[in-house]
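Each chain sits in its own coordinate frame; assemble them with the hints.
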Amino acid sequence: MSQFAINLLFVGASFALYIGIAIWARAGSTSEFYAAGRGVHPVTNGMATAADWMSAASFISMAGLIAFTGYDNSSFLMGWTGGYVLLALLLAPYLRKFGKFTVSEFIGDRFYSQTARIVAVICLIVASTTYVIGQMTGVGVAFGRFLEVSNTAGLLIGACVVFAYAVFGGMKGVTYTQVAQYCVLITAYTIPAIFISLQLTGTPIPALGLFGEHAASGEPLLAKLDAVVTELGFKEYTAHHADTFNMVLFTLSLMIGTAGLPHVIMRFFTVPRVSDARWSAGWTLVFIALLYLTAPAVGAMARLNISELMWPNGGISGEAVTVEQIENEPEYDWMATWQKTGLLDWEDKNGDGKIQYYNDANADLQAMAAEKGWEGNELTKFNRDILVLANPEIANLPSWVIGLVAAGGLAAALSTAAGLLLAISSAVSHDLIKGAINPNISEKSELLSARVAMAVAIAVATWLGLNPPGFAAQTVALAFGLAAASIFPALMMGIFSTKINNTGAVAGMLAGLTVTLIYIFLHKGWLFIPGTNSFTDADPLLGTVKSTSFGAIGAAVNFAVAYVVAGMTKETPAEIKALVESVRVPRGAGAAQDH
Amino acid sequence: MSDNSSNAAYWSANVRIILISLVIWALVSFGFGILLRPMLAGISVGGTDLGFWFAQQGSILVFLGLIFFYAWKMNKLDAEHGVDEE
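As they're listed, the protein sequences go chains C and U.
When we follow the numbering used here, the leftmost residue of the first sequence carries the number 979, and every step to the right adds one.
When we follow the numbering used here, the leftmost residue of the second sequence carries the number 286, and every step to the right adds one.
Please keep in mind that the hints were generated in silico from the structure rather than gathered at the bench.
One thing to keep in mind: the hints can contain errors.
[What the hints assert, rightly or not] Cβ-to-Cβ under 7 Å is the rule here; a few derived chain U residues that face chain C: (1) Ala294; (2) Trp296; (3) Ser297; (4) Ser306; (5) Phe315; (6) Ile319; (7) Thr333; (8) Gln341; (9) Leu349; (10) Ile352; (11) Phe354; (12) Asn360; (13) Ala364; (14) Val368; (15) Glu370.
Ideal Cβ positions, reconstructed from N, Cα and C, are used throughout, including at glycine.
So here's chain U without its partners, still in its complex pose (with noise of 0.2 Å):
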């Protein structure tokens, strides 16, 4: 195992990405999906308005694009970090 120092690094990045993703989770669904539906009222989208489609298909979507990006990433950080299974 690796160095105490070098651990704390590879904790904060995984960290600050985590906090990005929970970011942009939290935004397609709590926020287009509900709670700023009104703003997106003026966007239509099959015969309804976009925050429709984010809370019942386009929130779904992002969550996979988060998941991926997020499992792409910590492969990349693991390996940078020298914390990667052998």
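This is chain C alone, in the form it adopts within the complex (with noise of 0.2 Å):
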């Protein structure tokens, strides 16, 4: 059978599986759809909460930034994870004791205000939005590669099976189904890296191998891979080179932001009951934890699997692999296959049939390179996102693991791509249309408004999704700035101060959302649209402060012009501070109103 064939075979049967979950789980009443009737055990709703999280950014995109920038990039890691203990400790158990479905509904009836809660809604679907274009990003990368067309054409693909999905069922549906596809995603993400680290350094447990010996050379495997890069004129991989205020900046935004994006904290309101809340918190970074523990040794492992594919003769001082190794032998087969897909090229500048991987911008690699002929790196193209989905064909992976991953990775795309679209139709259609607009909508009517938000949200990230402002988890990285400067500062204040008011947190959120946003236009251009941009990452407006580290500073403007503005306007009321108190205490939990 075809490598083709057997994609397509992997990927369909976890595609029939998951959608025979979604019949089997359909949403009958608005309030199965939005919160499952909260029936839900805490280690089932941590795995679906996990399958939810864990997008295309996670599994696609992050080992794939790590594996080229190393030590760096351990932002990624360190942010993603540590904003549970955030969400763990300050907002999951409270949210749930107030008992309602969203997360603006908490904002609207603790700030009693409409304002606040359409505000919160609006903060939302801006930081939602964002985060579904990284999801078309990896989306794009993973449909091209596995029905071989261009990265454009899996994105159109993807973004019509993404809203097929997402519309047939509500989260009763998302909710068994993201279980399976937690089991798919983490299945299809550790085989190739046990595969991977058993032949790199004879370790079954990759965490474990990415701190072991090197089995080739006898050396430790990152002394080895530090080795390996330098010697290509390439940045030590273990070492510290970014600039540290903004990687403080960039990790704590990242933890923020988990903290403050309403689809993963919409899980909270499913389970039964407070104590719960704080376990589920726990079991979802367990799961998400299998994950996290493997991307630094799969980003590793690539890395250095990749540096010795290019150079197969003893590393520099050897011959370059030939454009005829290339064309012709098996275990160089995954760059055509990726070649179609305009995501990875190569050239042969100097046409000595040869192609030289080094970095070219390097002062002694320049000198070698003019000594022997060299004209430049030819690995011209190597996107970062097809790292992970092209790892197993690099380290020539029998042909199901193949398959496995682009079940796995689509897994991860699709899930949190469903996830998201549900918080964003359920803030369209239960906040805006339900809470603001028309209170008297029709439960049929309330039910079609979320799907036509869906219809929209999808439409426009895909427009978006064509020009990406970055590699997916980057472009993830700025929705979850826009999450940490807009709704995380809200939801704490609303459970730790009784003296935050109606216009303090109004004032707060537009100054944060509006800050960031503001910030991010201007590297990334207005509305991601190439070109606008004034300023660019490499030469940020603040110092070294780059647009994806922005949220931390954002989120600080919020709480500032929040306890400002609430000192100069009217106190709290007494009902409102009973409120805040009663929230507090996990007593009378049960109690939390239905709709």
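Below, the structure is given as structure tokens:
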């Protein structure tokens, strides 16, 4: 059977499974559509939340970004897991006690203001839509590869699949489907990693292999990797090169953003009790950590494999790989298949029949190149987002592993896109239309408007996804910055301070969102349209602060503005203070209102 | 629901646990993983140093411990203050 057929088989079988589960657990009432009747066990909920959370950014993109940057991209690992500590300690139990369906409902009630609720909906839509753009980038890469079409065609096909899939069921369908998706994606992520770890280090656990010994040379794996990449003129893998201030801010933005993303917070409304919300956050992180502890090993090992494939004759002092080898030898097949997607390319610039891969911006390597007659790096394009999907092919693993990874990547992208679309649609239909515009809307019209909102969101995200502002994980990082600057501070202040009033919260959210959005647009282009940016992340407006790191500053602005404005305006009424007091204690959570 | 003074004691005990946990949270990530990494450079772990390990694995393991510790501690605290769910 050809690789193409095997990929189709794995992807098709996994899809049939998800759709089957969605039909089996199809949502009936609106209550079920949003929160699955609150009957979800913490471990089940944790697994589904993990699938919801780990998107194309985690699965497809993150290890690639770590592979080509090394230590400096550790921010993704710490940021996307550390946020769960904030979520578990500062938000989840109280929001569950509050007992409504959506994040904006909490903000609207706690800040006793329809305006606050609408502002929260806007923040949520902006952050979630940006997040979906990142997912669409990943979906494009995955579909492009497994259908063997261009990235753009892959994106358009993927958009249709995501839409059909998300419209199918509500949260209940999504919850159990996501459990299935978690199983598919974690298997798909770890199996190739185990194979590669065994090949390189003899250890079946990739997380241990990363700090283990490189079997072929007897040196520690990371020391070997450092030696190999510096020889090619790249920065030492394990060393700290990035600006420290920006790295701290970036990590913090991802952490705060994690705790401010509506589709993740929503999951904690669906557990039966307050104590379950606390456990559920822990279980979620257990399931996430299985992937996150493997990801840095995947990145490091893939980087080593690629470097050795490009210099198969004893590193840079030997001969580079020849064009003939790339075209004919089976271990280079992946290069031809990925070239079709337009995300990988090479060019024999000096016409010597070999492909020299090195850092042509490095002075030492330029001197060597002049001596040897090289005319620049000839591995001209290597999109970071292809690394994880190409990894099993790079390591020459059996073809069923490659099919499994294709299915896993799609599971990751689909589950998150569906969760986000659900958050967007519930924000529009439940909070905006039913909560603010037309409270008497029928249940049927509410469900219809939810689906229309999904369609619009996916159309916008697909259109913007054709020219994404960065690799999948970078676009997603922008979404985290927006959530960090707008939603998280409002939720935290709503629980931990009785002083913040309606005007303070609204002013804080608007200030945080606006300043962050402007900073991002100044660097990434207005509405992410290429060429309309005034600055670049290489040379940012404020010191070393990149647009992906600005969320933490936006959050600080939000807190500060809210405190100042609340201090100048009318005090919070007594009944709201009583509401805050009651949210703080778990007793009575069973009595949470239903709709 | 129990009286207000007991609720206030419950809340301040909760805030104290949160603060201690967040200090550890920041120490392992921003501290050991980034800012204090040069200090830990002498301790080598598998071809690199302890700071690298904290940045790529250690912090995640500590985060896990923190969340489960908090859930366990709070469930105990709920019962002590009589505010647990029946």
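* Asked: Any CB of chain C closer than 7 Å to the CB of Ile319 (chain U)?
  -> 6 Å, holds
* Asked: Taking 7 Å as the limit, does the beta-carbon of Ile352 (chain U) come near enough to a beta-carbon in chain C?
  -> Holds: closest Cβ of chain C sits about 4 Å from Ile352 (chain U), inside 7 Å.
* Asked: Is the hint on Thr333 (chain U) kept, meaning its closest Cβ partner in chain C is under 7 Å away?
  -> 4 Å, holds
* Asked: Taking the least C-beta to C-beta distance, is Phe354 (chain U) closer than 7 Å to chain C?
  -> With a closest approach of 9 Å, the Phe354 (chain U) hint is violated.
* Asked: Against chain C, with CB atoms and a cut of 7 Å, does the hint on Asn360 (chain U) hold up?
  -> 5 Å, holds
* To do: Could you check if Ala364 (chain U) really has its C-beta closer than 7 Å to a C-beta on chain C?
  => With a minimum Cβ separation of about 10 Å from chain C (threshold 7 Å), the hint on Ala364 (chain U) is violated.
* Using Cβ atoms only, decide whether Gln341 (chain U) comes closer than 7 Å to chain C, and label the hint accordingly. => Because about 4 Å separates Gln341 (chain U) from the closest Cβ in chain C, which is inside the 7 Å limit, the hint holds.
* **Minimum beta-carbon distance criterion (7 Å), Glu370 (chain U) to chain C** => 5 Å, holds
* **Restraint outcome when Val368 (chain U) is required to lie within 7 Å of chain C by C-beta distance** => Holds - the Cβ of Val368 (chain U) comes within 7 Å of chain C, reaching about 4 Å at its closest.
* Classify the hint on Ser297 (chain U) as holds or violated, based on whether any CB of chain C lies nearer than 7 Å to its CB. => 11 Å, violated
* **chain C contact restraint on Ala294 (chain U) - CB to CB distance below 7 Å** => 11 Å, violated
* Please verify that hint: Leu349 (chain U), Cβ, nearest Cβ of chain C, below 7 Å or not. => 5 Å, holds
Violation of the numbered hints given earlier is confined to hints 1, 3, 11, 13; the remaining hints are satisfied by the structure.
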